[in-house]
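Could you put the whole structure together from the sequences, leaning on the hints where they help?
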Amino acid sequence: MKKLRRTMMFVPGNNPGMIQNAGIYGADAIIFCLEDAVSITEKDAARRLVFNALKTVSYPCETAVRINHISTPFGYDDLDAILPAKPGIIRLPKAETAEEMLEIASIIEKAEIQYGFPVGSIKMMAAIETAKGLFNAAAIAASHPRMTAIAIGGEDFVADLKTTRSLDGKELFVPRSQIVLAARAAGIDAVDSVFADVNDDEGFMAETTMIKQLGFDGKSVVNPRQIRMVHKIFAPTAKEVDYAKRVLAAYEEALARKSGVIALNGKMIDGPIVARAERVLAYNAAVGGH
Amino acid sequence: MLVLKKPGQAGTVESNDILIAVAPGEAGTGVTINLTSPVEKQFGAQIRTVIGETLAACGVADAVVTANDRGALDCTVRARVETAVARGAE
Amino acid sequence: MKNAIGREIPDSILERYNYKPYAGPFATVPTGRLAGAKIAVSKPRSEKILKSIDQAIDASGLQDGMTISFHHHFRNGDYVLNMVVAAIARKGIKGLTLAPSSLNDINEAIIPHIEAGVITQIETSGARGKLGRLMTAGKLAKPLVIRSHGGRARAIEAGELKIDVAFIGAPACDTKGNINGVDGPSACGSMGYAMVDAAYADKVVAITDNLKEQPLFPISIPQTQVDFIVVVDSIGDPKGIASGALRISRDPRELVIAEYAASAIIASEYFKEGYSLQLGSGGASLAVARFVREHMLERGITGSFGIGGLTAPFAEMLEEGLFRTMYDTQDFDIPSIDSLRRNPNHLEISASYYANPHSRGPIVNSLDVVILSATEVDVDFNVNVITDSNGVIMGASGGHCDTAAGAAMSIVVAPLIRGRLPMVLDQVQTVVTPGETVDVIVTERGLAVNPRRSDLKAALSAAGLPVMNIEDLQRLAHQLTGVPAAVELTDEVVGLVEYRDGTLIDVIRKPK
Numbered sequence: 001m002k003k004l005r006r007t008m009m010f011v012p013g014n015n016p017g018m019i020q021n022a023g024i025y026g027a028d029a030i031i032f033c034l035e036d037a038v039s040i041t042e043k044d045a046a047r048r049l050v051f052n053a054l055k056t057v058s059y060p061c062e063t064a065v066r067i068n069h070i071s072t073p074f075g076y077d078d079l080d081a082i083l084p085a086k087p088g089i090i091r092l093p094k095a096e097t098a099e100e101m102l103e104i105a106s107i108i109e110k111a112e113i114q115y116g117f118p119v120g121s122i123k124m125m126a127a128i129e130t131a132k133g134l135f136n137a138a139a140i141a142a143s144h145p146r147m148t149a150i151a152i153g154g155e156d157f158v159a160d161l162k163t164t165r166s167l168d169g170k171e172l173f174v175p176r177s178q179i180v181l182a183a184r185a186a187g188i189d190a191v192d193s194v195f196a197d198v199n200d201d202e203g204f205m206a207e208t209t210m211i212k213q214l215g216f217d218g219k220s221v222v223n224p225r226q227i228r229m230v231h232k233i234f235a236p237t238a239k240e241v242d243y244a245k246r247v248l249a250a251y252e253e254a255l256a257r258k259s260g261v262i263a264l265n266g267k268m269i270d271g272p273i274v275a276r277a278e279r280v281l282a283y284n285a286a287v288g289g290h
Numbered sequence: 001m002l003v004l005k006k007p008g009q010a011g012t013v014e015s016n017d018i019l020i021a022v023a024p025g026e027a028g029t030g031v032t033i034n035l036t037s038p039v040e041k042q043f044g045a046q047i048r049t050v051i052g053e054t055l056a057a058c059g060v061a062d063a064v065v066t067a068n069d070r071g072a073l074d075c076t077v078r079a080r081v082e083t084a085v086a087r088g089a090e
Numbered sequence: 001m002k003n004a005i006g007r008e009i010p011d012s013i014l015e016r017y018n019y020k021p022y023a024g025p026f027a028t029v030p031t032g033r034l035a036g037a038k039i040a041v042s043k044p045r046s047e048k049i050l051k052s053i054d055q056a057i058d059a060s061g062l063q064d065g066m067t068i069s070f071h072h073h074f075r076n077g078d079y080v081l082n083m084v085v086a087a088i089a090r091k092g093i094k095g096l097t098l099a100p101s102s103l104n105d106i107n108e109a110i111i112p113h114i115e116a117g118v119i120t121q122i123e124t125s126g127a128r129g130k131l132g133r134l135m136t137a138g139k140l141a142k143p144l145v146i147r148s149h150g151g152r153a154r155a156i157e158a159g160e161l162k163i164d165v166a167f168i169g170a171p172a173c174d175t176k177g178n179i180n181g182v183d184g185p186s187a188c189g190s191m192g193y194a195m196v197d198a199a200y201a202d203k204v205v206a207i208t209d210n211l212k213e214q215p216l217f218p219i220s221i222p223q224t225q226v227d228f229i230v231v232v233d234s235i236g237d238p239k240g241i242a243s244g245a246l247r248i249s250r251d252p253r254e255l256v257i258a259e260y261a262a263s264a265i266i267a268s269e270y271f272k273e274g275y276s277l278q279l280g281s282g283g284a285s286l287a288v289a290r291f292v293r294e295h296m297l298e299r300g301i302t303g304s305f306g307i308g309g310l311t312a313p314f315a316e317m318l319e320e321g322l323f324r325t326m327y328d329t330q331d332f333d334i335p336s337i338d339s340l341r342r343n344p345n346h347l348e349i350s351a352s353y354y355a356n357p358h359s360r361g362p363i364v365n366s367l368d369v370v371i372l373s374a375t376e377v378d379v380d381f382n383v384n385v386i387t388d389s390n391g392v393i394m395g396a397s398g399g400h401c402d403t404a405a406g407a408a409m410s411i412v413v414a415p416l417i418r419g420r421l422p423m424v425l426d427q428v429q430t431v432v433t434p435g436e437t438v439d440v441i442v443t444e445r446g447l448a449v450n451p452r453r454s455d456l457k458a459a460l461s462a463a464g465l466p467v468m469n470i471e472d473l474q475r476l477a478h479q480l481t482g483v484p485a486a487v488e489l490t491d492e493v494v495g496l497v498e499y500r501d502g503t504l505i506d507v508i509r510k511p512k
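From first to last, the protein sequence lines stand for chains A, B and C.
Numbers 1 to 290, taken from the numbering used here, label the letters of the first sequence in order.
Numbers 1 to 90, taken from the numbering used here, label the letters of the second sequence in order.
Numbers 1 to 512, taken from the numbering used here, label the letters of the third sequence in order.
Only true hints are included.
The list that follows gives simulated cross-link-like pairs (lysine-lysine, DSSO-like), each with its CA atoms no further than 27 Å apart:
1) A:K212 to A:K245
2) C:K48 to C:K162
3) C:K139 to C:K20
4) C:K2 to C:K512
5) A:K232 to C:K272
6) B:K41 to C:K130
7) B:K41 to C:K510
8) A:K245 to A:K258
9) B:K41 to C:K512
10) B:K41 to C:K139
11) C:K272 to A:K239
12) A:K170 to A:K232
13) C:K162 to C:K38
Stretch-level coverage of chain B by chain C, calculated; a stretch enters the list once three of its residues show a Cβ under 8 Å from a Cβ in chain C:
14) 33-41
15) 69-75
Hint data in this document are derived by calculation from the structure and do not stem from the laboratory.
Idealized CB from N, CA, C, for every residue including glycine.
Structure, rendered in structure tokens:
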């Protein structure tokens, strides 16, 4: 089954307490942040801390490292320090061109060869945080086979648009949809931005419900408490699970009969419906449902 | 072999962290470690071992280390020593 | 010799202090009769009110070597214990046994009187801070005696703890000595721990800052048990007695533990209409209340009763009708005290009714589920709540072993790692609750079910909870922390830990 990325939790890269406990909250992925969560004077300390944690702590989920952009003085050093620890994903913030991704892909490949990792085992994802990046989103998403997800960074994006963030997020409606389109066109995951106010659970759940409807595969979170809420929203209802099971049963039956026509309760079942049913059951399995 | 040029410091006194200060030691004097830790009884020896091993791996033979531990795991101790050494070697 | 759970108890200790070793949670069959207070007489229209604590000490006949008791409902706002011990010290009385239901940090004020020999022996639930360090250092003439709340009630009723004078802080007291805890500036709520003292002490002195005309009601402690009344300016600091509503933890790690614990309850056969529940007052316990509440609402389940140590989240569940009754020995916050005052289904009970194993039936025997905390657990499921990782006394026995023994499902919640210390050990430093009465240990990284409870293990695993062997849980901790070196102890015994039936389950040795 494909990896679920309902929740990607940011963990500040220079906080040992948070790093050692990051695996206990049930996030589908942890993103150790070397970028915004780390002050300029502690970049060196954070990358060594994250490296050592990745080497020794066994995390029960996917691990990603958000490096500094390669146009800053820190990006290449981040890659040099982190890649030997074999993170699951390198996440580039403020991605604007496919070329940047190719540059990082070639560095990753060199490291994989140098450290004896299977080539292609370290994935990449890009966060789109500018209008320029958004216009190149499709190319970025499809830039390299290592690309596994594309995300939107809401705060920076809104600043780049010269507006502010509203509760219903209308200013991000178009960018969000375009990210989903870029992801789907490239066959990778779309991950939504973090929600600004960690104390506003209601607003958080409304936004998560909305981005799920837009087609996102998951959401970035900053507080472990939010994980439970996202997973609840992404979990299929008992009714959806039941329907999905019946769809797949009808599909299996039709396959067995070598019949091209599938019907359930008199309604035609076609490919998209089967695919959706499979996705519903995959999610259901991930949340421990039956 | 790496010779420290100046004192280097890394880490914090937040819980689960360790504040490591390394200072150049006179050639041939080896490594001196002054450790304060709430888990001295249970892990004092282990923390000293990790500090010593990390210094050796960095190629530092002579140093005076002051370590103020707040319950750091070995991987944190290692990271902080590496960073302090790198800062002292710049 | 080794007792039934393999703890080494020096024979000399068993002989000198006349103890039997722990033999199993229900191995002791009590014999004999209940003890009782001295018979007294009170003539019509006689006066109980005395002018001062000094006068009351004189009137009580307190002498060198006697035993005095207090209740700990005023928690860290308690003025009574310190005030009375200071007055006793001024009189030059020496060699007393101090037997409060528990001690709080504020009681550190009596340390000079311990050092001066006014108090030479302490029998209580536990101690923290400076008092804990003093006891650990072996500064008492006899080792500290630790009893659970149920065990203390039992010891009093059996005559093993003979109280000569009980000093009872009374938030409301009428002129004849009827007392309750819900009225007045120093209201503390339930008077559950003081009730046993009042019924069995030879002399009972009520100390109040809120004297009322007769008749006072409701009555928690009746006038028939009270010899003397003293009015003082204040018996406690309200800020220290009860906090504002105790709130649910926002610590994400505690929430993970709480969610696992709640899921374990829900996955068990006990979670059904009419079940009963006891929660601790720690942040994780309160969070369990919130998660359990959601599921009770979802499934339309109401509980028959809860037991407190009451806190706001539990009082709210009573108010909402999610539990039909609350049994209450102690209140931790203002909403709980209000609930006891207003809600007729909120019942005040004595420590004996709560947990005394040698009675016709304490309420803990009807408990389905209890959530308990721990400072350490071990691979035999034994629990320590008394000494810290360095062997220093810093906690209290409370109702831990009582509820673990009584409940059908006892759940211990604890972080797997504190600082760098793994909390699942080969052997806990001090056993308070024997592993055979502990069913599930819940940590942020997984749950361990006592091998005796294969039924629970199956139910919890089927619910998708991360159930593992306790040894694997320990290994998981060691992978992160490394294996801790053992804390070195001397042979000097500074504390005796009684099991609730009066046998010796462990001793506390002074650390090196």
